[in-house]
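Colleague: Sequence:
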Amino acid sequence: MAEQANFKRINFFEGFFTTDEDWNAAEAYHVEKRRMHNRVLHTPGVVPVAGGGMKVQARGRGDLSFEVTPGFAVDGRGNELVLRDPAVKVVEADKLKLPQTIYVAIRYFEEPTDFIAYKENPRFKGHRRIEEKVKIEVMAREPDGVESLELGRVRLEEGVREIRDALDPRVPGPGEIDLRYVPVAGYAGSHASPQLRVEIANGLSEKAVLAALLCKMGVLPANYLRGAVLAAEMLNNSNGVGPFNLADVLTGPVELEREMVEAIEKDFPQIAARKGFAEYKKSLEALTKVVRDRPRDADGAIGIARFLNASNQALTPVVKEKLAPTAKKDVRGEATSWKDIVIRSQPFPEELNIDGSNFTRVDHLQLVNEDSEKAHKFRIEGQKDMWKSRQTFTYPDKETVSDSGVAYIGGEAKWQTHNLKPGKDLIIIKRFDAILGEQICDVLVDGKKVGQWKVTEADRKHRWRNHYFLVPGTFITNETAEITAKAVSAERDINMFQLWFYQPA
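Positions in the sequence shown are counted from 1; adding 2 to them yields my numbering.
These aren't lab readings, by the way, just hints derived from the structure by calculation.
Remember, it's a predicted structure, so these values are computed and weren't measured experimentally.
Please note that a few of the clues may not be correct.
Here are the computed lysine-lysine pairs in the DSS-like style, where the Cα-Cα straight-line distance is at most 27 Å [what the hints assert, rightly or not]:
#, residue 1, residue 2
1, LYS488, LYS277
2, LYS451, LYS488
3, LYS456, LYS283
4, LYS456, LYS386
5, LYS291, LYS268
6, LYS488, LYS376
7, LYS341, LYS423
8, LYS284, LYS451
9, LYS291, LYS451
Cβ pair distances, simulated, as ranges [claimed, not checked]:
#, residue 1, residue 2, range
10, ILE437, GLY358, 31 to 37 Å
11, LEU169, GLY278, 39 to 45 Å
12, ARG163, GLU440, 31 to 37 Å
We put the CB at the ideal spot given by N, CA and C, even for glycine.
Turn these sequences into a full structure, and let the hints guide you.
Modeller: In structure tokens:
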């Protein structure tokens, strides 16, 4: 390794006759020391919180042009790259061999300016300034990170006529701007205002408390959510969360919260039926949307924090609603759980104790049974096709069961349910053939939409499954209710073999 000379800085003293060489050496000393500082104490890359973050974005002109926003970066040599104004570039696709990935890069260079020559003595002339400039380039090779920095890349293929922002930044498609490989410079602090930091802290703290309460109710996915929230809280407390990365930090917790909601709807219908749960789902969807939009500015970050707090406010009454627990001495019927209901091969009895709550069977509809269908006024209307069949399959416990049922494509099945207690929740359990998943239907009670019944289980080996749907008590207004199961997909059949109806005892 070649020996490097020590740094020397200029030292002035009385009588020191300086030349242009001395002054240039003095300037070079500070320039090189600053570059060394940048190389050693910072990583090369774009500083995301400066200016517009040097972000490559689409112009929406329907062509192969893009724009780079103003910003600041440091290259591998320690040079500081400043882009003062937005830069627009147009890709000349006719000069490329497609398919090909193009790279948008920024490069530092210097240019002498302010030339002057003295008429009195032509020997005295030169440039009075060195201008530090940058150039945006479109390259066919990946930037090395030293001489040039990557700002983005685009995969161009035949048929691509426009450069667009990525619909999903995690998996950009052809013609979409890929920002995943943009190097990020090391910088200190989050650049979050005190207001933003407090808003985030309050939102995360409350979310962790609510998740802990759901854990105590037995909602296992809430524990995963709590762990992710505590990690985000730690980052915020260490001043590591700001406008640039708030959306990235919350992406994991938000996706885990969505999975938690799905688990609640599937395995904890009593929680899903609580007052305010539907409003909470809407608040979570709003939070999901703004997080996925990934705003990088202060106003956008404040918006995310407020949506976070709004989702907490909506969840609070759901989690903290007090229910009268069923005492052990009052347990009636066979004890089971919501998870076991799905794979139960035995007939459903008159009484069940599901996860500690007593339920009584109020009605039972046997399909392809003339007397039962007539008593319940069962019919299928508006279908593209329908059929009846008798099938013999097994449940996951390998018990063989034979049963008769109906299937329909499009249209809707209607029937009456009797012996209801107005104001009480209604649990509908159906046996179905799970060879195909994604059986989705809208459920209506007396013409009012309750929600969607989504059956996602699919099993080609053990084809029998049960699935349940909870109708909140507010929809049960009489002793008899007309239930409608309207197919959402016109191409996928809805099948059902028996229907059991339960209400809290």
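Colleague: Each of the hints needs a verdict: does it hold here or not?
Modeller: Against the structure, the hints:
1. LYS488 <-> LYS277: OK: LYS488 and LYS277 at ~25 Å, within 27 Å.
2. LYS451 <-> LYS488: Holds, because 10 Å separates the two Cα atoms, which is no more than 27 Å.
3. LYS456 <-> LYS283: Status holds; Cα separation ~16 Å.
4. LYS456 <-> LYS386: Holds - the C-alpha atoms of LYS386 and LYS456 are around 20 Å apart, at most 27 Å.
5. LYS291 <-> LYS268: holds, 23 Å
6. LYS488 <-> LYS376: Distance of about 20 Å is within 27 Å: holds.
7. LYS341 <-> LYS423: holds, 25 Å
8. LYS284 <-> LYS451: Between LYS284 and LYS451 the Cα gap is close to 17 Å, so the pair holds against 27 Å.
9. LYS291 <-> LYS451: holds, 25 Å
10. ILE437 <-> GLY358: 31 to 37 Å: holds, 34 Å
11. LEU169 <-> GLY278: 39 to 45 Å: violated, 33 Å
12. ARG163 <-> GLU440: 31 to 37 Å: holds, 35 Å
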